[in-house]
Amino acid sequence: MNVEIGEVTKRFGRTFAVAGVSLETGPGVLGLLGPNGAGKTTLLRMMATLIPPSSGSVRLLGRDPAGYGPRREIRRRLGYLPQNLGYYPGFTVAEFVEYFALLKEMPPGRVPQAVATAIERVELGGRARAKLRTLSGGMLRRAGIAQAIVNEPELLLLDEPTAGLDPEQRVAFRALLRDLGQRATVIVSTHLVEDVGAACSQVALMDAGQIVFHGTPDELAAGGEGSGAAGDAPLERGYSAVLAAHRSAGAAA
Amino acid sequence: MIFGHDMTGDRTGRPAPVRADLPRDVDLDRVWLGVAAQVWRRRPGLAERLAGRALRSPGLARALVTTPSLLLGWIIASAVVLAAGAFVTLGTSVPFAALLAPAVAAAGIAYAYGPGVDPAWELSQSMAVSDRMVLLVRVLVVFALNAVLGVAASAASGTASAVTFGWLIPMTAVSTLALAVAIVARSANAGVAAGLTAWAITVLSARSAAGHVTAAVTSSALLLPYLLVATACAAVAWFATRLQKGTS
Amino acid sequence: MDDDELIAAMATGDDTALRELFARHAPWLAARLRRILPAADVEDVLQESFLAAWRGAQGYRPQGSPGGWLWGITRRQAALWLRRRGPDGLPLAALADHSGRYADDPAEAALARAELAAAVRALGPEDSATQQVWQLMYVQDRTVAEVAGAMGVPEGTVKSRAHRVRQLMRAVLVQPVREGGGR
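Chains A, B and C supply the protein sequences, listed in that same order. Residue numbers for the first sequence, in this note's numbering: 5 to 257. Residue numbers for the second sequence, in this note's numbering: 77 to 324. Residue numbers for the third sequence, in this note's numbering: 325 to 507.
Treat each hint with caution, since some may be false.
To be verified - Below 20 Å or equal to it, Euclidean Cα-Cα: the simulated SDA-like pairs (lysine to any residue) are:
#1 Lys-135(A) with Lys-483(C)
#2 Lys-135(A) with Leu-147(B)
#3 Lys-135(A) with Thr-142(B)
#4 Lys-135(A) with Asp-338(C)
#5 Lys-135(A) with Ala-223(B)
#6 Lys-135(A) with Val-141(B)
#7 Lys-483(C) with Gln-459(C)
#8 Lys-135(A) with Arg-117(B)
#9 Lys-135(A) with Arg-118(B)
#10 Lys-483(C) with Gln-456(C)
#11 Lys-135(A) with Ala-333(C)
#12 Lys-135(A) with Arg-119(B)
#13 Lys-135(A) with Thr-121(A)
#14 Lys-135(A) with Gly-337(C)
#15 Lys-135(A) with Ala-316(B)
#16 Lys-135(A) with Pro-93(A)
#17 Lys-135(A) with Gln-114(B)
#18 Lys-483(C) with Glu-470(C)
Unchecked claim - Pulled from the structure, derived: some chain B residues nowhere near chain C, Cβ distances all over 12 Å:
#19 Pro-99
#20 Leu-104
#21 Leu-122
#22 Glu-124
#23 Val-141
#24 Ile-151
#25 Ala-153
#26 Leu-166
#27 Arg-208
#28 Met-209
#29 Ala-228
#30 Ser-263
#31 Asn-265
#32 Ala-266
#33 Thr-294
#34 Ala-311
Rather than coming from a laboratory, the hints here were simulated on the basis of the structure. The beta-carbon is built from N, C-alpha and C at its ideal position, and this holds for glycine as well.
Model the full structure from these sequences, guided by the hints.
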């Protein structure tokens, strides 16, 4: 198990962005679905060791991120793509990926090969020495993915990775996800349901700071059968149905 | 993957290579990655290599040499400002170099690091080389550099040594104020503005209180307030880089 | 862009031109190398060759063929590789001696022998007619009449078999070089 989260909460002032989440997962691709404001990004930030939980236990890659030493070890094996990734306009794609490879304390001798591999994997090989300011939004996103995977992380956290990618690029990206999920734990936070169905072996649905569903995409789709819920595809209907059921249960309680 | 048997023309318009010739057991992707690794690699300069050895961290060294206020243009600008101050001092008796140095340092420090100036700062916070370490090293180096430039300018303009070195403490105070504001406000410009404003007010009010313009730098009564400000602002900067606010 | 333009672009530091050149030429260069080297060595030699091409692009003069230039570089890299590795891994079945031509460079000689060995293997199994003609006529340097007598066939047959030998060897040794096929 690369991720072991137990009854974790995160509070900002009076609101609970994460209100009691337990999650355990190992290698494979987990899709984290949910509406805006559900707490997905906060949960991801906790797993990326950016913020500590207000309560509950977190273990990542078998270590407790509360301590400086273990946190550093986790971060060396971590890949993270934030929802809003700024970039250094004057850097080239290769310089950008290399910068974070060095900050992840990769052995310098291995860095050039790792950078080249990451850049080719996201199909930016023709732009490796182009300045970031010349890239389109989708290409910048792919550069962001490249820095996340450059150190071949054991835990890869991607927040809205397909934002700005056209459908063809999304297909290529899903193939990359499946490939990465062979060895690593990949957690993808997205509001695009179809991304999840195509690439993820597991799905977790979050709403109002809690996980209301955790299972396979097929199970989620099954949850929508015959429910008359909104959606053009089985997975979307399952998503709507589970969400609606949780909310009405919450209202009734 | 790229050049092997499964390749089709990709979106950059490259034609597919003739696959018929390629022997089955030769991995052209691996070959290309080896070529690309060497062609795309960046070779660090001398300063970075030395810093890497001194800091025992190539990542920290790279972060240091990419500090906006340590770029050559910035350093030259700082040196020019201070040199101008020294030059003017030679003509008048007002030690401009000593008065300018804290302002120049404050600007440099505000642009050293932080959410104000680092667009990828959220990502930087997930790095094994901690962002606080980067901040600390950058601030120290910027400060030291400005101190050296300032001392050189002051000495060159022939002012008394009390003034030449007297501005180091106000410089520390003003710099830490600029840093704290830059971090809290997430804007390097806000930090610079705060630092310059605070320094200007200090200089002017010290002058009106004591009668001469170097009072802000030489008055011993100000020593304690400067140190208190420096400590408080450093603490603010420390805590502000620790607590993270999130949205959902 | 045709190959000459690609190499000119490479000389100015355009790595995408190198990428394109690699896509066009690496497959056939790999195929040619594969006849004389094992797969892992082919990969290493090819990598060094393209790096050498990248570094040497400024020295390219577009009067020859780009493919020939690349093959020349690759040959030299293969020769260097073989010199470092020593002759152990070489399948030296041929007896033809090229050392007179490449006396100054034993690595080149080794490479030439390897190429020749590959060509000789293409003639067929050890006891085939073409191999026999090769041995008698080209290695032992006998006349047509002597070969005809030794093999017990008419001279006309010997000549046509010799022609076949030359055909087969040419097919292997003189690989048609890919010219620039781009726009």
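Violations among the numbered hints: Of the numbered hints given earlier, those the structure breaks are 1, 5, 15, 19 and 20, listed in rising order.
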